[in-house]
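Student: The lines below spell out each chain.
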Amino acid sequence: MSTDSNVALVRRFVDEVINGGHLDLVDEFFAPDFVNHSPNFGSAPDREGLKQLLGALRAAFPDAVMRVEDVVAAGDKVMIRFTSDGTQAAEFAGIPPAGRRLQARGFSLARIADGRVVERWNVQDNLETPQSLGAVVSYPTSTEGRASEQGTPSTIDKNKAVVRHMLEDLLNGNRPDLVGEVFSPEIQAGGVAVGLERVGQAISHHHAEFSGFQYIIDELIGEGDTVVVRGYFRGTQTGEIRAGGLTIAPTGKPVECHVFDLYRLRDERIIEEIAMGDTLGLFQQLGFVSVQATPAEATSQPEEVPH
Amino acid sequence: MSVEQNKAIILRWIDVWNTGELEPLEEIIAPDYVRHGEGTTLRPESGPEWYKQQIAGARRAMPDFHVTTEDLIAESDRVVGRWSWGGTREGQATTPWGATVESAGKQVKRTAMTITRLADGKIAEEWWQLDRLEEWQQLGAIPSPSG
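Sequence lines, in order, name chains S and V.
If you use numbering that gives the first Met the number 0, the first sequence corresponds to residues 0 to 306, in order.
If you use numbering that gives the first Met the number 0, the second sequence corresponds to residues 0 to 146, in order.
No lab work stands behind these hints: they were computed from the structure.
Values in this document were obtained by computation on a predicted structure and should not be read as measured data.
The beta-carbon is built from N, C-alpha and C at its ideal position, and this holds for glycine as well.
Not everything, but these chain S residues come out facing chain V in the computed CB check (under 8 Å): (1) GLU68; (2) ILE220; (3) GLY280.
Starting from the given sequences, assemble the full structure and let the hints guide the process.
Tutor: Pasting the structure below:
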């Protein structure tokens, strides 16, 4: 087997078994005499033990996703650096479910022979994302895992968790009473200091404009003090909308609007927001701009789409 | 590639927008480049060719077209750019819904954000967002509030 096909094997395992939940495929990826040198969470160090562990993880974290951040391959070995996160929905390793988002990051090394993994070594930290911003819970993972440092999440991870908390709990949950948890009193929007009260009003306003308002995060990207969110919101326009200086009376139409938002944080509080949304597309969906473009027209006219 | 190398590629891409020198696109745009914006996905036959037409078209419409970098944020294989762009329009502009507006001499000054995924030192995938409502308001294709 070439290193390329070994890398492909590991990537397929992550995609199909870990992220896809096809636990029945474990035998295709692991040899019968597979040895797990890092049997996490007290699992048996063989293929059966791995199957049981994967099943238990899937049951406890049904929405968990593992992202392969780096892959290094040489000879018969493939090493990945990964991050995972998921919401705990059932008891796991004696820890009751609390709907918490949990995050893990680590390295995993596989030795491959005849197209299947024969040995595995793994070191990882399991971190609760600091949404509740309390203690960082570190679970026992393996002998190596216990010995590894129980580091706190980086500032970027903390900032991402603040932004996720804001969007999923405050915005989607219509909880203007919680703005002080995630926004600084110095919050600026579009370059103007707006104050916490107006941020809270803006949250409620979205729900007044759109019944069933929901913001869905597609992607979070962070560097330094900045977090960028790509996502979209949807809802049914049952309230008056004011945008771009224009007013649209309730139409009862369902809409979906794509949005980019840039947030700057200080001390785990949002101090600046710059939002950019597809307001024109929103107006088109509401019938305000009379002739709606087809997607092909909208994206194929060079001079109108400078980026 | 490091995030700094990825940022350097994005800055080369911005140089192409600002100079109209299109050749570097051959090097920095992946042949199978994919573009997402406002719920639509575009898969041009050739990424570099598509981008050449795009940038040449923008510079024909605004010969003094210029982009300024407001923010550049990178993590993993992604680079986020926040941009100010603008210029002086020539001739007519066609709206996305097929209307024509006389735009000669009008100033456009707008913002945009892009998220770019880089692979093997090339721009492989891009998500974009423009404030198109205000753009067409500036060009008079959509009414602006009179107060």
